[in-house]
Amino acid sequence: MRIFLFALPLLLAAPVHAGEADWIARFDVCQADITSLDEMASCIGSYTEACSEERIRANQDLADGACMAGEAALWDAKLNRTWGAVKERLASDPAGMEALRGAQKAWIGFRDAECAAMAAIWADNGTGAAEAATCQMRLTAERVITLQSLVEGND
Amino acid sequence: MRTLLFALCLLPTAALAGPGAWESLRADCQSRAETVDDLRGCKQIVFFACKEESGDAPGSDGTCQAAEALAWDGELNQLWPQLKAMSEERGLSDQLLATQKAWIAFRDASCRYQADWANMIAADAVWEEQNCLSEMTAERVFDFRLMLVDG
Numbered sequence: 001m002r003i004f005l006f007a008l009p010l011l012l013a014a015p016v017h018a019g020e021a022d023w024i025a026r027f028d029v030c031q032a033d034i035t036s037l038d039e040m041a042s043c044i045g046s047y048t049e050a051c052s053e054e055r056i057r058a059n060q061d062l063a064d065g066a067c068m069a070g071e072a073a074l075w076d077a078k079l080n081r082t083w084g085a086v087k088e089r090l091a092s093d094p095a096g097m098e099a100l101r102g103a104q105k106a107w108i109g110f111r112d113a114e115c116a117a118m119a120a121i122w123a124d125n126g127t128g129a130a131e132a133a134t135c136q137m138r139l140t141a142e143r144v145i146t147l148q149s150l151v152e153g154n155d
Numbered sequence: 001m002r003t004l005l006f007a008l009c010l011l012p013t014a015a016l017a018g019p020g021a022w023e024s025l026r027a028d029c030q031s032r033a034e035t036v037d038d039l040r041g042c043k044q045i046v047f048f049a050c051k052e053e054s055g056d057a058p059g060s061d062g063t064c065q066a067a068e069a070l071a072w073d074g075e076l077n078q079l080w081p082q083l084k085a086m087s088e089e090r091g092l093s094d095q096l097l098a099t100q101k102a103w104i105a106f107r108d109a110s111c112r113y114q115a116d117w118a119n120m121i122a123a124d125a126v127w128e129e130q131n132c133l134s135e136m137t138a139e140r141v142f143d144f145r146l147m148l149v150d151g
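Keeping their order, the protein sequence lines are chains D and S. Just so you know, the first sequence maps onto residues 1 to 155 in this note's numbering. Just so you know, the second sequence maps onto residues 1 to 151 in this note's numbering.
Read the hints as simulated data drawn from the structure, not as lab findings. Please note that a few of the clues may not be correct.
To be verified - Below, computed lysine to aspartate or glutamate pairings styled on EDC-like, alpha-carbon distance capped at 20 Å:
hint, chain 1, residue 1, chain 2, residue 2
1, S, Lys84, S, Asp94
2, S, Lys43, S, Glu88
3, S, Lys101, D, Asp112
4, D, Lys87, D, Asp76
5, S, Lys84, D, Asp124
6, S, Lys101, S, Glu88
7, S, Lys84, S, Glu139
8, D, Lys87, S, Asp116
9, D, Lys87, D, Glu152
10, S, Lys51, S, Glu34
11, S, Lys43, S, Asp28
12, S, Lys43, D, Asp112
13, S, Lys51, S, Asp37
14, S, Lys43, D, Glu152
15, S, Lys43, S, Glu139
16, D, Lys87, D, Asp112
17, D, Lys105, S, Asp108
18, S, Lys51, S, Asp124
19, S, Lys101, S, Asp73
20, S, Lys51, S, Asp61
21, D, Lys105, D, Asp124
22, D, Lys105, D, Asp76
23, D, Lys105, S, Glu53
24, S, Lys43, D, Glu39
Stated by the list, open to error - Which chain D residues stay away from chain S? Per the calculated CB distances, all over 10 Å, these:
hint, residue
25, Ala25
26, Cys30
27, Gln60
28, Gly70
29, Arg81
30, Thr82
31, Gly102
32, Gly109
33, Glu152
From the three backbone atoms N, C-alpha and C, an ideal C-beta is built for every residue, glycine too.
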C-alpha cells in the first residue's frame with residue numbers, strides 16, 4: 001500500500017510536475033555551463049524559477065518561500081564546499097585564515113540580521129517568508145562567489 | 001558647430017574640477033539609471049575622474065579609490081535618515097539598526113582581511129581596502145534605494 005501511494009503521485013504527475021530533482025538539475029546545469037566566476041551570479045534563481053513555474057501551474061502560492069528556501073539550501077551546501085577549498089588555499093597562512101574566519105562570522109551575523117529585517121519589513125504584505133528566503137538565497141550565493149574568487153585568486 | 005558643442009561640453013568639467021566635479025559625474029550617471037544594473041555602471045566613475053585629474057600620479061590609486069569610497073559613504077549617510085524615518089513609522093527601527101550594525105561589522109572585517117591579504121602579497125593595500133569599501137558601500141546604497149522604493 002505504501003508503495004502504491006508512493007508510486008501514484010509519481011505516475012500521475014510526472015509529465016507535468018517534474019519535481020525537485022528537475023529544479024536541482026536546472027541549478028546544476030547552470031553551474032556546469034558557466035565559464036567564469038563572473039557568470040555564477042546568473043545562476044541565482046535558476047532552481048527558484050523552475051520551482052515557481054511548476055507551483056504556479058499547480059495553482060500553489062509562492063508566498064511561503066519554499067522555492068527560494070530550496071535554492072538557498074543548494075547555495076548553502078555550495079558555500080560549505082567552497083569554505084573547504086578556502087581552508088586548503090590558506091593552509092600556509094594561519095593569520096589570513098583567522099582573519100577570514102572573523103569576516104565569515106561577521107557575514108553570518110549580517111545575513112541573519114538582514115534576512116530577519118526582510119521578514120519584518122514584508123510581514124504586512126504576507127510575503128515576509130518569501131522575502132526572507134530570497135534574502136538567504138541571494139546573500140549566500142553572493143558569499144559563495146566572493147569566497148570562490150579567493151580560491152581562484154592568482155596571488 | 002560640432003567643435004563648438006564639443007568645446008561646450010568640456011567647459012563645465014574644466015571649471016568644476018576636484019571632488020565636486022567627480023561627484024556630479026557620479027550623480028548624473030545615477031539619475032539616468034533605471035535598473036540596479038544601470039546603477040552598478042556608476043561604480044568607479046569618481047575613481048577614474050580622479051585618476052585622470054591626478055595625471056596618474058604615484059599613490060593616486062589609493063587616494064582616488066578613497067575618494068570613490070567616500071562618495072558612496074556620503075550617499076549612504078544621505079539615505080539613512082529616510083530609511084530610518086520609514087522604519088520608525090512601521091515600528092521596525094530596532095531591526096534596521098541591528099542589521100546596519102551587523103553590515104558595518106561585516107564590511108570592516110571583510111575589508112580588513114582584504115588589506116591584510118594585499119600586504120602579504122605586497123600589493124597596494126590602501127587601494128585594496130578602499131576598493132573593498134567602495135564596492136560594499138555601493139551595493140549597500142543600492143539595497144537602501146530598493147528598500148526605499150519597495151519597502
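Of the numbered hints stated earlier in the document, which are not met by this structure? 2, 10, 12, 13, 14, 16, 21, 23, 31 and 32
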